[in-house]
Amino acid sequence: MPERDLDVAEMPSLTPVSTMEPVDLVRADGGVPLTGKKARQGKLGVIGWLSISWLALVTLAAILAPILPIDDPNQVTASIARQPPGTDGHIFGGDGLGRDLFSRIIWGGRSSLLIGTLSVLLGLVLGGLLGLVAGYFRGRADGVLTGGFDVLLSFPQLILALTLVTVFASGEGVTATRRTVVLILALGVVSIPVLGRITRANTLTWTQREFVLAARALGAKQREIMFREVLPNVLPAMFSIALLGVAVVIVAEGGLSLLGVGTQLPRPSWGNIIAEGRSELRDSPHIVIIPTIIIFLTVFALNYLGDVVRARFDVRESAL
Amino acid sequence: MIRSRRRHVVHTAADYHQSGSRLLEVDDLKTHFVTPRGRVRAVDGVSITLDRGRTLGLVGESGCGKSVLSRSIMGLLPSTADRTGSITFAGERLDELGPEALRSYWGTQMSMVFQDPMTSLNPVMKIGRQITESLEVHTDLDRGQARETALALLRSVHIPEPERRLKQYPHELSGGMRQRVVIAVALACGPQLLFADEPTTALDVTVQAQILDLLNEQQRERHMAVVLVSHDLGVVAGRTHDIAVMYAGQIVEQAPTRTLFAEVRMPYTEALLRSVPRLENASHTRLAVIGGRPPDLIDPPKGCRFAARCPYVQDRCREEQPPLIEAETPGHLFRCWYPVGTDAGKEALERNLAAELPQAAAAVTGELAVEAS
Amino acid sequence: MEGPFVASTAMRGRWIRGAAAAVALALVVTACGGGGDDGGDSGSADADAGEVTPGGKVVYGLEAETADGWCLPEAQLAISGIQVARTIYDTLTRPNADGEYEPWLASAVEPNEDFTQWTITVRDGVTFHDGTPLDATVVKNNLDAYRGAYPGRSPQLFIFTFSNIASVDVVDPMTVMVTTKVPWTAFDAYLYGSGRVGMMAQAQLDDPVNCADNLIGTGPFVFDEWVPNQRFVATKNPDYWATDAEGRQLPYLDEIEYRPIVEVAQRVNALDSGDINAMHTSDPLTISDLQAQDESGEISLTESIDFGEVTYLMLNSSKPPFDNIKARQALAFAFNFDDYNAIRGKGILTRATGPFAPGNVGNLDETDLPGFDLEEAQRLVEEYEQETGQPLSFSYTTTQAESTVADAQFWQQAAEDAGMEVEIITVDQSTQIDAALAGDFEAIAWRNHPGGDPDEQYNWWQTGSPVNFGRFDDPDISRLLDEGRSNPDDDARVGIYEDLNRRFGEEVYNIWNYYTIWSVATAPDVHGVLGEGPTSADPFPGLAVGIPPAYLWVEQ
Amino acid sequence: MPVLLRRFIHLVVVLFCVTLFVALLTSMLPGDPVNSIAGFAPEEQKEQIREQLGLDDPIPVQYGRWLSDFVTGDLGSYWTVTGDRPVVDRVKDALPVSIQLMVYAQVLALVVAIPLGVATAYRAGSRFDRGSNFTAFGLLALPNFALALILAYYVGVQLGWLPVTGYVAPSEDFVEHLRRMAMPAIALAVGQIAVYMRLLRSDMIATLQEDFITMAKSKGVSPRRVLWRHALRPSSLTLLTVAGLNVGTLIGSAVVIEVIFSLPGLGSLLYESITSRQYIAFQSLVAIIAVGYVMLNFLVDVLYAVLDPRIRHARA
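Residue numbers (numbering that gives the first Met the number 0), protein chains in the order written: chain A, 0 to 319; chain B, 0 to 372; chain C, 0 to 555; chain D, 0 to 315.
The reader is advised that the hints may include incorrect statements.
[Said to hold, decoys possible] Pulled a few chain A residues facing chain C out of the computed Cβ check, cut under 7 Å:
(1) VAL75
(2) ALA77
(3) ALA80
(4) LEU96
(5) GLY170
(6) LEU264
(7) SER278
In case anyone wonders, no lab produced these hints; they're calculated from the structure. Source: prediction; values computed, not measured. Every residue, glycine too, gets a C-beta built ideally from N, C-alpha and C.
All chains, full assembly: derive it from the sequences and hints.
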């Protein structure tokens with residue numbers, strides 16, 4: 000009998016390699032996403048494609064704003080002040096100062112999307128990293144980092160952002176771009192502790208799982224375990240919270256605009272359009288309603304796609 | 000050991016006698032799963048019967064559908080599952096029952112013991128609560144009586160200091176201990192049928208024997224029917240009345256345990272028997288291996304599903320799927336054109352040996368079937 | 000719209016539209032003879048309100064809280080603070096229907112021939128709410144406190160305003176003699192001080208700790224309770240010394256409550272929903288909404304620009320680019336008031352030709368202030384750039400309140416259409432005050448100069464005065480101011496201040512925008528908003544410094 | 000070292016860092032505090048005020064002075080020329096308002112979000128799930144001040160059900176108190192509902208995939224009971240964390256709501272003190288909120304252990 004080296008794949012599994020039979024693996028066609036049956040298989044489905052096209056539309060419009068055939072967002076014309084949507088040539092009508100609401104919303108997209116995504120990214124990267132370290136190493140590292148989170152968190156977010164903007168981006172010689180950069184940093188700093196603490200909480204539960212102990216037993220370095228073993232498990236939760244964070248930040252910028260420290264006017268953002276339009280709620284509510292719908296569609300699409308993506312990675316099936 | 004006091008259960012004692020010893024009858028059960036890549040035919044036409052007080056062993060490699068079968072019978076399937084075929088339990092057609100009616104069977108008529116004790120118990124709920132819960136749901140015992148029953152159950156599964164255990168959490172117990180609790184939970188309402196889905200796979204060997212003895216003991220006392228699911232022939236060999244061997248979603252051989260080991264007909268069963276290490280072998284004996292992999296369950300091969308890996312394979316095997324046919328001893332069915340131990344079988348093997356078929360050579364070198372222990 | 004020139008602590012939450020309560024730091028409203036025509040509508044007549052029914056309560060929505068309280072000599076009250084002060088305290092004099100000052104708490108206020116000595120006869124039989132009598136000594140102590148000559152009180156603003164007083168002496172128990180350094184024709188108006196110069200009881204005057212929130216006056220209502228940012232409650236003063244024209248005992252109401260509701264939209268909501276039954280606002284867009292509600296009878300609206308303030312763009316004449324008259328004129332030509340009125344006022348604004356509102360002495364229908372002429376503006380911009388070799392660019396400083404920023408963007412657009420470059424600097428309230436004081440601004444949104452007598456503007460426009468924020472140094476204006484202050488002849492003063500007005504038009508030190516409209520909206524069953532004059536039933540028409548609460552009444 | 004002592008030290012350290020951070024930040028603010036108090040006073044009087052308030056001292060000295068007062072419970076006083084206005088008086092009135100507002104908003108948000116989270120997790124992917132996610136994001140997208148004004152106008156004015164502004168203490172008239180806190184609490188809570196619901200939903204989905212859920216089901220336990228008794232508790236960790244964190248955000252974003260509904264809470268005090276450069280008051284207010292926050296998160300940690308015994312045992 001020729002000596003055959005054992006091909007591991009052919010070894011009958013006397014002891015279970017994994018508790019799931021292949022059929023389970025096959026059946027485990029995805030967690031339970033937001034969508035209906037089809038998306039349960041991680042497919043996009045109608046709403047998925049709608050979300051993608053909406054996000055593409057909004058982002059493209061924001062990027063191409065300078066070359067799009069739309070009015071100058073800051074052009075004041077008395078005749079269209081507070082005109083309802085659909086007046087000739089102005090699809091969304093005019094805002095309180097007689098500027099074309101449609102172009103202001105497109106240009107507003109630039110600031111809002113930028114601020115929304117970058118500050119949450121900052122929070123995700125820094126906050127996530129610190130949270131991971133705090134949750135994994137515990138002990139003194141955890142104490143120090145949680146202390147740091149507490150310091151930032153005990154400062155009411157809106158007031159912290161207001162102070163940072165007033166100190167670094169108001170007064171003489173402040174350009175709108177600098178104000179937007181400081182806003183991104185301020186809102187980023189504000190979201191670091193939130194994402195940090197959530198990541199820490201998730202990491203805590205995962206580090207108790209056997210496979211982490213097993214990896215450690217196999218002599219893997221701490222850093223490897225953290226990034227290769229724990230992070231992939233914590234990432235889905237962080238990812239969906241980050242997407243939620245984008246929505247919260249875009250709306251928070253509105254609050255800041257109300258306090259006068261949002262995107263520097265006359266540069267528009269969805270937040271400051273709503274802030275400026277709030278006193279016109281009684282007779283021309285469209286100035287507030289339309290940007291709100293735009294924000295709603297964008298954040299809904301973002302979180303919806305987030306779910307579908309997550310459904311692809313999450314392998315287990317609900318048992319209930 | 001005191002028998003757990005008869006509980007006041009929805010189904011009166013009369014139901015049992017009237018349906019005689021036949022407890023469970025499954026006819027042409029098919030469970031398919033809707034997945035992105037198509038319909039997975041996990042259980043593809045299975046028919047079995049089980050009498051009260053008897054144990055049926057379900058054996059097969061990982062992915063042969065044995066777990067899915069037991070869950071399908073109980074109805075514990077996710078929403079992507081699509082189940083057909085009839086399931087009759089104590090004279091009642093389960094497959095026609097709505098979710099509420101079916102639920103009244105769970106725990107009281109049939110219950111399940113899962114494989115991994117580490118994850119089968121709710122990590123944040125006290126052991127006591129997890130046992131008394133099913134009593135609360137199904138019976139009208141008050142807290143005190145429920146607590147007494149729980150203590151009795153813990154003692155019946157040989158857990159030391161039951162009072163203290165009630166207040167403890169799962170992570171404070173060892174693997175073996177936890178599996179005992181899982182069994183206690185499963186037996187709380189005195190089910191007539193117990194599915195044990197690889198109950199000992201996650202445990203070390205010494206504890207395995209204790210748990211299996213415990214299961215047998217409980218079965219005898221409660222005159223319970225048990226379906227013991229395992230991939231390990233050794234576990235099934237000594238503890239079951241009948242054995243059904245599953246392969247790729249179908250039963251390929253079924254017989255009383257002793258007959259199966261003595262008069263094996265299905266080449267797959269023979270290969271399984273040969274791959275079990277035996278005490279009398281020298282320590283370095285190479286283990287016999289079944290080459291190849293189980294077939295893809297989305298579009299299984301036309302003929303016999305074991306053909307690709309069968310030493311006895313002939314052209315017919317690849318073309319036509321053999322039906323389950325009766326062997327000499329009654330109750331012994333198998334699904335093969337050139338069964339082991341028959342002339343046709345021998346000739347087929349010679350032909351393959353001559354033709355230098357790889358899996359044929361491997362089959363010859365191993366010892367023959369293991370003795371029923 | 001308004002660059003509220005304000006004692007900052009008095010303004011709360013000014014980030015909110017319309018809350019920019021200009022403190023209207025008009026120190027004094029001074030009468031000075033007739034001549035002030037009664038221009039501008041003075042709100043709906045209350046005549047047909049039927050017979051007055053005493054009793055009941057009014058809840059009055061204010062646009063801001065007065066966080067620092069009412070220690071009058073030291074306080075810097077905005078209109079909300081003034082309204083409360085006029086509820087608890089009386090002033091020695093009060094303006095009548097023509098904006099002339101007649102004695103009120105004082106029974107007589109007589110100047111000597113050359114206006115260097117004023118004799119104040121204190122009304123007798125008047126007691127403070129704590130029962131102490133009103134006499135010459137208390138009046139003297141009050142006046143000394145205002146001019147910073149009373150131990151224990153340290154006013155900042157009033158020192159400045161009353162610096163022209165040489166001495167205050169008690170002649171007899173009920174008579175006080177005030178001697179001024181320089182003849183002071185408008186001193187009787189300064190005793191009113193836009194309703195700020197109330198007489199405080201001796202106990203409050205000497206209270207080192209609670210002077211701000213332990214209010215004791217002689218006024219129509221007695222202080223009951225003040226919970227900052229919630230409510231200020233005062234109850235009827237049963238033995239108030241004053242009666243109305245028909246001799247009825249004042250005040251009509253049993254109780255009045257002031258509630259600061261900073262967001263103007265919410266103040267209107269509160270009125271419509273019945274939370275409050277009176278409110279004030281100077282926000283043009285809100286006033287135009289209230290006008291609609293007035294027509295439909297849901298509310299009753301009283302509005303007025305008489306004796307009011309003016310909203311304007313103040314230019315810094317001490318540094319480029321606005322040290323050059325061409326630059327100032329260019330910006331004035333670039334400003335299209337009709338567009339501004341349509342967008343920012345829904346058409347209800349009246350263009351301001353000068354700093355004097357209708358009713359004020361010196362008010363003119365026409366001045367040389369440039370009107371909207373885009374070509375002229377562009378021509379001047381080019382001339383400026385050739386002359387100086389610099390592009391005509393400037394910064395526009397404003398607070399963060401949404402309405403002020405909207406105005407900034409309007410001005411920015413107007414200037415850019417004419418070829419100028421504009422940077423909008425939005426700052427919070429404190430920084431804006433610093434910018435004005437330090438002069439580090441080029442153009443700043445502003446609102447000021449209420450009051451009938453132009454002498455009151457002396458300090459804002461006199462060369463070298465620390466509060467001449469625009470820092471213009473105009474010999475003519477300085478001369479006219481001095482002449483106007485001490486010239487006893489009323490007609491001559493009218494000519495002087497009309498010249499002053501024209502001078503502003505020619506030099507364009509400030510670009511006057513519109514006369515600020517003040518309005519008081521009440522529930523339909525609330526009447527007596529304008530009240531009555533000191534000696535006759537005809538009321539003083541102005542609303543810029545609040546209303547006399549004694550005359551408010553609710554149909555019972 | 001007993002947990003309590005360790006927690007106390009943690010509180011002290013956090014407080015120290017927060018207030019130091021505030022001192023640094025406020026020192027960099029543009030605008031001169033004295034101008035806010037006595038803008039028009041002549042120069043030498045301003046100098047005298049600056050001297051009196053010690054504004055020319057270096058930052059650490061000023062911070063040290065504030066800290067020594069704060070430690071002894073003296074919150075310092077507003078810088079003012081008219082008499083003395085200790086911060087504690089304003090805080091005494093404002094603190095209960097903020098706490099009530101925050102508690103009502105949190106309770107409202109949780110009472111709506113938890114059942115929604117559980118239901119959408121259970122029937123994930125169903126029309127109900129999509130519907131509730133859709134509305135939740137709709138509510139999240141509308142800034143709370145815009146919602147506040149819409150509520151005030153339509154509910155307050157048009158329907159006249161609720162008073163539009165003002166605050167009434169619960170002791171005075173509890174029903175009126177609730178009526179006045181209803182709209183502000185709703186305006187604040189609505190934004191949180193989407194967040195809480197989504198968090199709970201994703202954690203619940205993960206928990207529902209565990210074996211002990213199948214076990215519970217196999218015991219014949221009803222789906223409702225499985226959801227609430229078995230699945231909810233182990234998956235409420237993230238929700239608890241975020242609810243705990245939200246203390247700061249609620250007080251911060253409450254500024255806007257407080258001003259619109261004229262509720263005299265800490266938020267508007269904070270805003271008022273920062274915009275009028277009252278640094279001492281601002282320090283004390285932030286310190287108080289910091290104490291409240293750290294205390295509350297200590298409670299959250301305790302709740303962790305109660306909710307998940309593994310953590311309790313891992314830590315002991």
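Is the shortest C-beta separation between LEU264(A) and chain C less than 7 Å?
holds, 5 Å
A closest beta-carbon separation below 7 Å is what the hint needs, so does GLY170(A) meet it against chain C?
holds, 6 Å
Given SER278(A) as an interface hint, is the shortest Cβ-Cβ distance to chain C below 7 Å?
Interface hint status for SER278(A): holds (5 Å vs cutoff 7 Å).
Does the CB of LEU96(A) sit less than 7 Å away from some CB of chain C?
holds, 5 Å
Would the hint on ALA80(A) stand, with a C-beta cut-off of 7 Å toward chain C?
With a minimum Cβ separation of about 5 Å from chain C (threshold 7 Å), the hint on ALA80(A) holds.
Given VAL75(A) as an interface hint, is its Cβ closer than 7 Å to any Cβ of chain C?
holds, 4 Å
Close enough to count: is the Cβ of ALA77(A) nearer than 7 Å to one in chain C?
holds, 4 Å
Hint violations for this structure: none, all hints satisfied.
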